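Using the sequences and the hints, build the whole thing.
Mapping of the sequence shown onto mature numbering (1 follows the signal peptide of the UniProt record, and there is no 0): residues -32 to -1, 1 to 132, in sequence order.
Simulated from the structure, these hints should not be mistaken for lab results.
Predicted, not measured: the structure shown is a model, and the values here were computed from it.
Virtual Cβ for every residue (Gly too), placed ideally from N, Cα, C.
Treat the hints with care, since some could be wrong.
[Claimed, not checked] Derived Cβ-Cβ restraints for the label pairs, each shown as a range:
hint, residue 1, residue 2, range
1, Arg88, Ala48, 15 to 23 angstroms
2, Arg88, Arg38, 29 to 37 angstroms
3, Asp45, Gly84, 15 to 23 angstroms
[Claimed, not checked] Below 25 angstroms or equal to it, Euclidean Cα-Cα: the simulated SDA-like pairs (lysine to any residue) are:
hint, residue 1, residue 2
4, Lys63, Gly46
5, Lys63, Ser80
6, Lys63, Gln94
7, Lys63, Ala101
8, Lys63, Ile42
9, Lys63, Asp39
10, Lys63, Cys96
11, Lys63, Ala113
12, Lys63, Arg88
13, Lys63, Ala48
14, Lys63, Phe53
15, Lys63, Arg40
16, Lys63, Gly90
17, Lys63, Gln83
18, Lys63, Leu47
19, Lys63, Arg89
20, Lys63, Gly49
21, Lys63, Asp45
22, Lys63, Arg105
23, Lys63, Gly93
24, Lys63, Asp100
25, Lys63, Ser43
26, Lys63, Val121
27, Lys63, Tyr86
28, Lys63, Ala17
29, Lys63, Arg38
30, Lys63, Arg18
31, Lys63, Tyr82
32, Lys63, Gly84
33, Lys63, Gln51
34, Lys63, Gly98
35, Lys63, Ala92
36, Lys63, Pro20
37, Lys63, Pro111
38, Lys63, Ile116
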Amino acid sequence: MLLHNSCLRRTVAGAVCALALANGAAAFGAPAAPPPPADLSPAPETPWARIPIAPGIPVTTRPFPPRAGRDRCISVDGLAGAQLFGDRAIELSMKNGRRYRLFLARECPALSFYQGFYYRRGKAGQLCAGRDAIGARSGGECPIASIIAVRPVGQKSRPKSRRR
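Spelled out as C-alpha cells, the structure:
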C-alpha cells in the first residue's frame, strides 16, 4: 500500500487518509459530493413528516389559545418552513407567502429543545385545529388548539361591514 506524504502527518487529514485507505477508497480522488438537501416529505411508508424549525423571538404567551381559528385547517402540501414562538405557538410559512400561527393546547417545551417537530399527514392533506397534534422529536404530542392567519406587518385589517 502506497501512502502519500500528507497522509503520514499526525493531523486530522492524516486520520482521514488512514480511514480512507483502510476502507479501500482512493484518498486523493474527486472530493465527495455534499449530501442532498433535506426532503420535507415523508417516506411513502410512514404517515409522519418532519419539518425543522428556527428559533423565534421571546414572546409573552397567552394563557389560553384564541377562540378564533379553532376549526381552521391548512394544507400541508404548501408548507415551506416554521418558526417557534415560545412553548405554545409555531408560525408556519407557506410556499405562497402566507403565514399561519398554530397555538398549542398546552406548553410543549420539547419543541424548542429539539428544533423540529413532526406532523401526521392525514388522508385529506390538511393540518386542522382541534383534530391534529404536533409531534415532538422526543416522542410527545402537542394538540393544536387553533390556527390563525398572520397579516404582514403594515397591512391593515379589513374594515368591518356596517349592519343597517
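Can the restraint linking Lys63 and Arg89 be considered satisfied, given a maximum Cα separation of 25 angstroms? 17 angstroms, holds
29 to 37 angstroms was suggested as the range; check whether the CB atoms of Arg88 and Arg38 agree with it. 19 angstroms, violated
Distance restraint between Lys63 and Arg88, which requires alpha-carbon spacing of 25 angstroms or less: With Cα atoms ~19 angstroms apart, Lys63 and Arg88 stay inside 25 angstroms; holds.
Would you mind confirming whether the straight-line C-alpha gap from Lys63 to Arg18 stays at or under 25 angstroms? 16 angstroms, holds
For the pair we were handed, Lys63 and Ala17, check the Cα-Cα distance against 25 angstroms. The given pair, whose Cα atoms are some 17 angstroms apart, holds under the 25 angstroms limit.
Satisfaction of hint between Gly90 and Lys63, Cα-Cα up to 25 angstroms: Since the Cα atoms of Lys63 and Gly90 sit roughly 19 angstroms apart, the hinted pair holds (cutoff 25 angstroms).
Within 25 angstroms, alpha carbon to alpha carbon, are Lys63 and Ala92? 19 angstroms, holds
Given the hint that Lys63 pairs with Ala48, test it: the Cα-Cα distance must not exceed 25 angstroms. 5 angstroms, holds
Has the given pair, Lys63 with Gly98, been kept, meaning a C-alpha gap of at most 25 angstroms? 24 angstroms, holds
Between Lys63 and Arg38, is the straight-line Cα distance small enough, at 25 angstroms or below? Within the cut-off at roughly 23 angstroms; holds.
Does the alpha-carbon distance linking Lys63 and Phe53 stay inside the 25 angstroms limit? The given pair, whose Cα atoms are some 20 angstroms apart, holds under the 25 angstroms limit.
Does Lys63 pair with Asp100 here, judged by a C-alpha cut-off of 25 angstroms? 21 angstroms, holds
The structure fails to meet hint 2 from the earlier list, while all remaining hints are met.
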